[in-house]
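Protein chains: 2
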Amino acid sequence: MNAAHRPTNAFYAQSGGVTAVINASACGLIETARRHPDRIGKVFAGRNGIIGALTEDLIDTSHESDADIARLRHTPGGAFGSCRYKLKGLDQHRVQYERLIEVFRAHDIGYFFYNGGNDSMDTAWKVSQLSETMGYPLACIGIPKTVDNDLPHTDSCPGFGSVAKYVATSMREAGLDVASMAATSTKIFVMEVMGRHAGWITAACGLASEAADEPPHLLLFPEIPFAEAAFLARVEDCVKRFGYCAIAVSEGLHDADGRFLSDMGTRDAFGHAQLGGVGQVVAQLIRDRLGYKYHWALPDYLQRSARHLASKTDVEQAYALGRAAVELALAGRHGVMPGIVRTADAPYAWEIGVAELKDVANVERKMPREFISADGFHITDRCRAYLAPLIAGEDVPPSRNGLPDYVRLKNIAVPRCLEVFTV
Amino acid sequence: MNAAHRPTNAFYAQSGGVTAVINASACGLIETARRHPDRIGKVFAGRNGIIGALTEDLIDTSHESDADIARLRHTPGGAFGSCRYKLKGLDQHRVQYERLIEVFRAHDIGYFFYNGGNDSMDTAWKVSQLSETMGYPLACIGIPKTVDNDLPHTDSCPGFGSVAKYVATSMREAGLDVASMAATSTKIFVMEVMGRHAGWITAACGLASEAADEPPHLLLFPEIPFAEAAFLARVEDCVKRFGYCAIAVSEGLHDADGRFLSDMGTRDAFGHAQLGGVGQVVAQLIRDRLGYKYHWALPDYLQRSARHLASKTDVEQAYALGRAAVELALAGRHGVMPGIVRTADAPYAWEIGVAELKDVANVERKMPREFISADGFHITDRCRAYLAPLIAGEDVPPSRNGLPDYVRLKNIAVPRCLEVFTV
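So the sequences go chain by chain: A and B. 9 is the number of the first residue of the first sequence in my numbering; add one for each residue after it. 9 is the number of the first residue of the second sequence in my numbering; add one for each residue after it.
Hint data in this document are derived by calculation from the structure and do not stem from the laboratory. Don't take every hint at face value.
Since the list gives no way to pick one copy over another, a pair counts as held whenever it fits inside one copy or between any two copies.
[Stated by the list, open to error] Derived pair list, reagent style BS3-like, types lysine-lysine, alpha-carbon separation capped at 27 Å: (1) K320 x K301; (2) K248 x K320; (3) K94 x K248; (4) K248 x K301; (5) K366 x K320; (6) K301 x K94; (7) K248 x K418; (8) K94 x K366; (9) K418 x K374; (10) K96 x K374; (11) K301 x K366; (12) K248 x K374; (13) K248 x K366; (14) K366 x K96; (15) K320 x K374; (16) K94 x K320; (17) K366 x K418; (18) K96 x K320.
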C-alpha cells in the first residue's frame with residue numbers, strides 16, 4: 009500500500025453513543041500518530057463522526073497543542089462530536105461510499121480510523137472493501153467502543169468498565185442511604201441502567217453486593233423475562249429479612265412475550281398515563297402490590313459520562329486500543345480491529361489482539377447464561393471474576409475550582425475544496 | 009449541671025434524610041467524646057434516630073474500634089439508621105417527651121446530640137425545655153445536617169456542599185455527552201435535582217457553566233414560577249446558538265399558582281408532598297412543542313449519597329460540627345447548635361459559631377433573590393462566590409476491589425431495662 013510508504017493524512021471519527029473514555033482512544037491515536045511524522049501527516053477528525061467526512065467537515069487536530077491532546081485522556085464525551093448515522097449497504101447507497109473516497113482523496117487521507125460499536129465496525133469494513141474495489145489505498149482500522157460491552161472478538165469494550173464502576177459505586181452508596189431510611193420511610197430503591205439488549209451493565213451493579221444482605225438485592229436482566237409473581241415474592245422476602253430492598257433494572261427488561269416493561273406505563277388516580285421508564289414501572293408495581301414506599305433513580309447519561317469515576321483499567325485499554333490502531337496501520341494491516349485479550353483473571357492480565365472487521369461487523373455478544381444466577385435475580389461468581397478487573401483502579405481527572413477540569417479543543421476546520429454534499 | 013461534673017453517657021441520633029457526610033459528624037462527635045472519658049461515659053446512638061430513644065433501642069458505640077469509628081468519616085448514609093419522625097408539640101404528645109427523659113435517666117444519659125435539619129432542631133429545643141421543667145439535667149445540642157442548605161444561623165449546612173459538587177460535576181459530564189450527540193440525536197438534556205422549597209442544589213448545577221455556551225444553559229428554580237413561553241423561547245434560542253440545551257430543574261418547580269409541575273400524590277411522614285418526575289415533564293414539554301429529542305436524568309438518592317465525590321470543605325465542616333457539639337456540651341452550653349460562620353470568600357475562611365436552638369427551630373433559610381439572574385434562568389456572580397468554596401477540594405474514600413470501601417458497624421444494642429413503648 010502507498011499509505012505505508014509516504015506520509016499521508018489520517019481520518020479519525022467517533023461514532024454512536026459516546027463514553028467516558030472514547031477520548032482516551034483519540035488521545036492514544038493522535039499521540040501515536042504524532043510520533044510517526046514520516047508515515048502520518050495530519051490527523052483529521054470528522055466533525056460529528058462520519059457525517060464530517062461526508063460533508064467534508066474535517067477538524068485539523070494539528071492545531072491542538074500536545075498538552076491539550078494529552079488532556080483528551082481524562083475528558084469524557086466525544087471531543088470532535090459523534091453521530092447516530094449508519095451508512096446503508098454498498099448496493100443501496102454506493103454514492104455515500106464513493107463520496108467518502110472522494111473526500112479522502114481530496115485531503116490525501118491514507119488511514120481511516122473508525123471508533124465505535126457494531127454498526128461502525130460494519131461501516132469500516134465496507135469502506136475497506138470499497139477502497140480495494142476502487143483502487144484507492146486506504147488502511148481501514150476499527151477501534152472498539154461501547155458501554156454495552158457487546159462487541160465480539162474483544163474480552164471487553166472501552167467505555168463499559170467505567171460505566172460498570174459508576175453503577176456499582178452508585179448502587180453501593182444509594183443502598184447505604186435507603187438502608188438508613190427504611191425503618192420509617194423508603195424501603196424500596198430502584199435504579200434503572202442502560203443496556204437494552206444485553207445485561208452487562210445490570211450485572212455490574214451486582215458487584216456492589218458482597219453478601220446476601222448488601223445492596224443490590226435483586227437484578228432484573230434483559231436476558232431473563234420478567235416474572236412478576238416471583239419478583240414480588242423476592243422483594244417482600246428481602247424487606248422482611250433486611251428491612252429494605254435495592255434493585256437494579258435494565259432499560260431493556262421485557263416480559264415473556266417480549267414486551268418492554270418501559271412501554272407499560274401505569275396510570276395515576278386521575279387516569280393520566282404515569283410518566284417514567286422501566287425503573288418507575290417496577291417501583292410503582294411494588295408500591296401498588298406490596299405497599300412499600302420507593303425511590304427510583306435514572307442516571308441516564310450520567311452513567312456513561314462519569315469520567316470522574318472512570319476505571320483505570322478502562323482508561324488504559326481505551327488508550328492502548330487507539331495507539332494499537334495506528335501501529336496496526338503502520339504495520340500494513342487493514343480491515344482489522346484491535347481488541348482486548350484476557351490472559352489471566354487474577355491477577356488480571358491482558359494484551360492487544362487483532363480481529364478481522366468482517367468477523368466483528370454486526371455481531372452482538374450476549375452475556376453468557378452462566379453469568380446469571382439460577383434464579384435469574386443476581387450474578388454468579390464466574391460473572392464476578394469476569395467483571396472485577398474491569399472496574400479496578402482509579403484514574404481521577406485533575407480538578408479546577410472543585411470540578412473536573414476537562415479540555416475543550418479548538419476544533420478548527422480544514423478548508424473545504426469539494427462541492428457540497430448533503431446527508 | 010451534673011453532666012458537667014461526672015461522667016455520664018451521651019445519646020446521639022441521626023434524623024431525616026441522610027447525606028454523604030452525616031457520618032463524618034458522627035465520627036467527629038464520637039472521636040471527641042472518646043478523648044474525654046472523665047466527662048463522657050459511652051456514646052449511645054439511637055437505632056433509626058429518635059425512634060431508637062423512644063423504644064429504648066440504643067446502640068452501644070463503645071463496641072466499635074477506633075479504626076471503624078474513623079472510617080465513618082468517609083462512609084455515606086446514616087450508620088445508625090435515621091428516621092422521618094417528628095415529635096409533636098409538648099402539649100399534644102407530652103408522653104413521648106417524658107419517655108425520652110425516662111430512657112435517658114435509665115441509661116444515665118447526660119448529653120443529647122441531635123443531628124438533623126429544621127424539624128430536628130425543633131425537637132432538640134423541645135427536649136431541652138422539658139429537661140429543665142422536669143428537673144433532669146441534660147445538655148441538648150443540635151448538629152446541623154441537610155442537603156437542602158436551608159437552616160438559618162449557619163453559612164452552609166453539612167451535606168449540601170457534597171451534593172453541590174456532585175450535581176455540578178454530573179451536569180458538566182453529561183453536558184459534554186449531549187454536546188457530542190446533538191448533531192444527529194439528543195439535543196435536550198434535563199437533570200432533575202432535589203430541593204423542594206429552596207433552589208440551592210439547582211443553583212449549584214450552574215457552577216458547571218463558566219461561559220454562556222457551557223452546560224447547564226438554563227436552571228429552573230423553585231423560587232421562580234415556571235413561565236412556559238419564556239422558557240421554551242430560551243430553549244429554542246439555545247439549540248440554535250449552541251446546537252443543544254442542558255437544563256437543571258428543581259423537583260419543587262411550580263407555576264404561578266403554586267402548583268407543582270409534578271406531584272406524585274403521596275406524602276411523607278412529615279406531611280411534605282413527595283415529588284418526582286418534573287424532569288420528564290419539562291423534557292416532554294420541549295419535545296411536544298419544539299420537536300427536539302431529549303434525555304433526562306433523575307439522580308435521586310445518588311446525589312446525596314455520593315461520598316466518592318464529596319467536597320473536602322463539606323467533610324471538614326461536618327466533622328468539625330460533630331466535634332464542636334461535644335466541646336459545647338463540655339463547656340456547659342445547652343439548647344444550642346454549632347454552625348458555620350464564613351469569615352472570607354476568597355480565600356475562603358470559616359469558623360464555628362453558636363446559635364440558640366430556639367432561633368433555628370422551624371425557620372427555613374431561602375435563597376436570596378440576588379443569587380438568581382434577573383431573567384430567572386441562571387445564577388449570578390454573587391451566588392458563584394457563595395457556592396464556589398463549598399465544593400472545593402476532594403476527599404476520596406479508600407477503595408477495595410475497585411469500589412469505595414465503606415464501613416459497616418457492628419451496631420450492638422444496649423440491653424433494655426424498661427417496659428416496651430410503642431411509637
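Hints, one by one, checked against the model:
1. K320 x K301: neither (37 Å within a copy, 33 Å between copies)
2. K248 x K320: For K248 and K320, neither the intra-copy (39 Å) nor the inter-copy (37 Å) Cα distance is at most 27 Å.
3. K94 x K248: between (50 Å within a copy, 25 Å between copies)
4. K248 x K301: Answer is within; shortest intra-copy Cα gap is 14 Å, inter-copy 42 Å.
5. K366 x K320: For K366 and K320, the Cα distance exceeds 27 Å both inside one copy (30 Å) and across copies (50 Å).
6. K301 x K94: This pair counts as between: shortest inter-copy Cα distance 18 Å, intra-copy 43 Å.
7. K248 x K418: Answer is between: at 20 Å across copies they meet the 27 Å cutoff, but 57 Å inside does not.
8. K94 x K366: within (16 Å within a copy, 65 Å between copies)
9. K418 x K374: neither (39 Å within a copy, 41 Å between copies)
10. K96 x K374: within (25 Å within a copy, 56 Å between copies)
11. K301 x K366: neither (50 Å within a copy, 33 Å between copies)
12. K248 x K374: neither (34 Å within a copy, 40 Å between copies)
13. K248 x K366: neither (52 Å within a copy, 40 Å between copies)
14. K366 x K96: within (16 Å within a copy, 71 Å between copies)
15. K320 x K374: within (25 Å within a copy, 42 Å between copies)
16. K94 x K320: neither (31 Å within a copy, 45 Å between copies)
17. K366 x K418: neither (35 Å within a copy, 56 Å between copies)
18. K96 x K320: Neither, since 36 Å and 51 Å both go past 27 Å.
Consistency note: the structure conflicts with the earlier hints numbered 1, 2, 5, 9, 11, 12, 13, 16, 17 and 18.
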